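The lines below spell out each chain.
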Amino acid sequence: MQDSYLIAGIAVATIATMLTRFTPFIFFAKRKPSPLIKYIEWNMPLMIMVILVFYALKDVKWEQYPFGIAEIIGVAIAIAVHVKWGNALLSIIISTITYMFLIQKVFI
Amino acid sequence: MKFLSIFKLTIPVMMGYIPLGMAFGLLLSKMMIPWYYAFFMSTFIFAGSGQFLALTLFASQATILEIGIATFLLNLRHTFYGLSMISSFKDFSWKKNYLIFGLTDETFALLKTSNIEEKDREKVYLIITALNQSYWIIGSVVGAILGNILPFNYKGIEFSLTALFVVLSIELYKKSKLHKPFLIAVVIGFVGMLGFPSDKMLILSLSLAAAVLILFRRSLEDAR
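Respectively, the protein sequence lines represent chains C and H.
Be aware that the first sequence starts at 9, since it is given in this note's numbering, and climbs by one per residue.
Be aware that the second sequence starts at 1282, since it is given in this note's numbering, and climbs by one per residue.
Next comes chain C alone, as it looks inside the complex (with noise of 0.2 Å):
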């Protein structure tokens, strides 16, 4: 591949992502937050991070073995250690080891 067209191709899509990042801040930072404005960024983030779990899950292949058994394991004790203990840490990574048990011993 071309050097050029790489620097190029590189160059436009760091332009589109800052664009994507600084806009919000470039347009609202100014003024006064509105209610409008408050009362999304009180509810929006949790939306977002709920959203952020399917979205981690979109490619299981659910009709398919072994089912998305291994994720469903794998967020289920997730959630078990975290509000039994509530120590971030701990919850992802017992739920990591199980799940890359799973998927390379259990669920070949």
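Derived from the structure by calculation, the hints contain no laboratory data.
Keep in mind that a hint or two might mislead.
[As the list claims (entries may be wrong)] Listed next, the stretches of chain H that the computed footprint assigns to chain C, with coverage defined by at least 3 CB atoms under 8 Å from CB atoms of chain C:
#1 1288–1299
#2 1456–1464
[Said to hold, decoys possible] Computed cross-link-like contacts, PhoX-like style, restricted to lysine-lysine with a CA-CA straight-line distance of at most 20 Å:
#3 C:Lys46 with H:Lys1371
#4 C:Lys69 with C:Lys113
#5 C:Lys92 with H:Lys1455
#6 C:Lys66 with H:Lys1436
#7 C:Lys46 with H:Lys1461
#8 H:Lys1481 with C:Lys66
#9 C:Lys69 with H:Lys1436
#10 C:Lys69 with H:Lys1481
#11 H:Lys1456 with C:Lys92
These numbers were taken from a predicted model, which means no experiment stands behind them.
From the three backbone atoms N, C-alpha and C, an ideal C-beta is built for every residue, glycine too.
The hints should help you fit chain H onto chain C, whose structure is shown.
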């Protein structure tokens, strides 16, 4: 806040970014692109799915305009993150430009849920963002140089990012005053996961969630 405790906050992201970055670097090297382009891409673009998309577009020799539009649409979700961070960054110095530049899915998630004293906040946010980006750069460069010969079986380690989102959802749920937006997001996420085209799932679901949140504001706020 001590550096070590900030580092501990970022460990889940490290566990996700290093293997994912390595996968990116590996793919790049398989396309016969020199390794230093992995470094440039992870330094300047710094968007996981955006960089994978860029590789796909490079492979199909897409035009520069196509690369720009596709990347913009894919990363449009970041606009929502920015909207949620405006008042958090409001009193920061010019250095906040780096925070905005580095507002990836995972960095946003960490910043939004961390409990940091106000006087420390700017510094801690900067360190979190820089650590996260360094994991991503290290992963992608290592993957591009030696991804093919590493013996460790890290298959499945990317689940740590899923678990991170689960944990942070619980944390935000505990803090939230309204609980209906949570239920709405579960429904939208579920429908989106099964029904929306995979490459547009995130932006469609987030736009729908924002629309419902704004349109039904009155009944959502009354229901508390």
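In rising order, the numbers of the hints this structure does not comply with: Every hint satisfied by this model.
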